[in-house]
Amino acid sequence: MWKTLRQIERIGIISEPPPAGDESLRVAHALQSRILDVLGRALCIRHIDAGSCNGCELEIHAVNNPIYNLEGLGIRFVASPRHADLLLVTGPVSRHMETAVRRTYAATPEPKLVVALGDCGCTGGIFGESYASCGRVSNVIPVDVAVPGCPPSPTRILQGILAAISRPATAAAGAAAHP
Amino acid sequence: MAHRAWLNLVDTQPGAPGLRTLTVSDEEWREVAQELAAAGGRLVALWASEDSRSLPIVRAVFLAEKSGLVLNLSVSDPQAPYPGLEDIFPAAARMQRALADLSGLRSTDSDTRPWLRHAAWPQSYRPLIDPKPQLPVDDPALDAYEFVRVEGEGVHEIAVGPVHAGIIEPGHFRFSVVGEKVLRLEERLAYVHKGIERRFTELPILEGHRLAARVSGDSAVAFSWAYCQALEGVAGTQIPARAAWLRALCLELERVANHLGDLGALGNDAGFAFGLAQFSRLKEHLLRAIHAALGERYLMNAIVPGGTRFDLESSGARQLANCVDELAREALNLRAIYDEHEGVRDRFHGAGVVTPKLAARLGLTGLAGRASDQAFDLRIDLPCEPYTELAPAKIARTEGDVAARVAVRFDELQESCRLIRRILDALPAGPHLAAVHAPADRAIGAGLIEGWRGPVFVALEAGTAGTIRRCHPHDPSWQNWPVLEHAIIDNIVPDFPLINKSFNLSYSGHDL
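Residue numbers (my numbering), protein chains in the order written: chain L, 19 to 197; chain E, 2 to 513.
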């Protein structure tokens, strides 16, 4: 036990300050104020892999590490869409996941946000549209913010999530005020 | 041994070292497979292609001792089933079902349920053969898949997925349980089937490595290297020594990064969140050092035909060396903490056991295989440059439980750190890229690389004017998913996430 405690003490707190939300990632402006009135910044995210190669998942894991420390911002991943405010969707939507994605979206209470993650989520990526792939996420459900990258870095993911929950006009000020 | 007689009849297969190729008749197909099985051989992959007269060919690749064999069966009557191999190599079962879904050929084996095909396309459409895809249905109905039912007093089913509760890939698990005890698990996969094999045929052959790297993102280096090895084999390209060493550097970095991620997640699944925090810290340090040295955190674009996209500067090499030294030290400390933690020990030991005998019978492969005494590693048994010189140590355990799969990861982590140091110290000078010209039409290459999860295989058939006629990528998860169904039997439901994580199989790499 003392080894564990000594390691915790030795490493200390290593979280870095978060980046500001990146407004350029926003693709829709609907509902923004209404959502923020309800949520503030305490946000619950449900991740859906809709057909990803699992590269984006590796970087989503990273935003939960002690260095990016997403939970330190009051934002956490939840196990059910019923508990979620935001859906974080990766991959081109495979036709085999299309129904599951639509149902998960329907199971998420209003008001809700959708962030499409990665080149595939944004455009269909290298997989495109085919007999097996519906292409980008917005071909299947409405998308508020789209974060490109293959995979996007944890910083880009944070910028996308924070853009989704920032008021467009005051995004920069809001981020600057955060410690 | 009997299989040696076959090996005398064969031709050399371009691509990975030690591979031969042989075309056989219907009767010989099973005969060769039986002899290979008797000699301790293992089935790596099974897929279908077409010959120059558009007649189907079923191909399989096997590894036996220090050699490998690509076996080809010309199918003269596509309506008649070809001889199935399920009784000889159980792992063939799902591969044959997938082959039927994509290429329309049936085997003689009894399970004719679809495997990769759900309701997105009709049985009559063969994605790899028929030129025009059918128009997809707007709102595809859910298909009725026939799970095997377990009946008896007190038995009930738990259905999980495709959308899981964590940040993981989608798939469906059907548990039949009594109380907490699992009687049977049946997997249903292919939710992330996105048409990768057909997509390959739409890309120029000199661009296919980009798609190969995205077959399973966590094994990007292994797949893109296997693709390039197949391509360079048929194109007659000799890559520079520095390129081979840089590729090995990338492959070992990928192995270390994945092992760090898994060791943290396994601690977390055993209720020890400290482990996740510590290992994810080490992993982040490593990814940043890789980014500084090689230009990206995950090496999705590092391996290109002819060599590597990036060269390594001395400052980046120093940074990588320091990072690897530090994390090897830290991982030793954390291993001691895991070993001494009673709660962790209690969860790891005896959970999800796959005995060496069962592992051999089912063909458990790669990292999970080595934890069940299947001590096979391509880097040692069928090495390509630079592993011939690096001479990695072989790591194996016999217990076959979660603890053994954790121990193999800890040991491989240290060994890969040693290899990385050795590569950084002895990296040959010279160019890191050679020119590659598109190979001749119908040339066939095979790539075989020991990824962090196990052997990654790519078969590549060139088309006319720099196109791809057929490309079949194979992830070792194909072999190991069916074994997970056995590993969970008699364990309790709450141990499933831990046991599943200890295998950490790819959905995308399997579903294609």
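Since the hints were derived computationally from the structure, they do not count as laboratory data. Glycine included, C-beta positions come from ideal geometry on N, C-alpha and C. Some clues are possibly wrong.
[Stated by the list, open to error] Covered, in the sense of this in silico footprint (three residues per stretch, anywhere, with C-beta under 8 Å from a C-beta of chain E), are these stretches of chain L: (1) 61 to 67; (2) 165 to 173.
[Stated by the list, open to error] Label-pair restraints from in silico Cβ distances: (3) T399(E) - G90(L): 18 to 28 Å; (4) R100(L) - S26(E): 28 to 38 Å; (5) V494(E) - E89(L): 43 to 53 Å.
Cross-check of the supplied hints:
1. 61 to 67: holds (count 3)
2. 165 to 173: holds (count 3)
3. T399(E) - G90(L): 18 to 28 Å: 43 Å, violated
4. R100(L) - S26(E): 28 to 38 Å: Cβ of R100(L) to Cβ of S26(E): about 58 Å, so the range 28 to 38 Å is violated.
5. V494(E) - E89(L): 43 to 53 Å: Because 27 Å falls outside the window, the suggested range is violated.
When the structure is compared with the earlier hints, violations turn up for hints 3, 4 and 5 and for no others.
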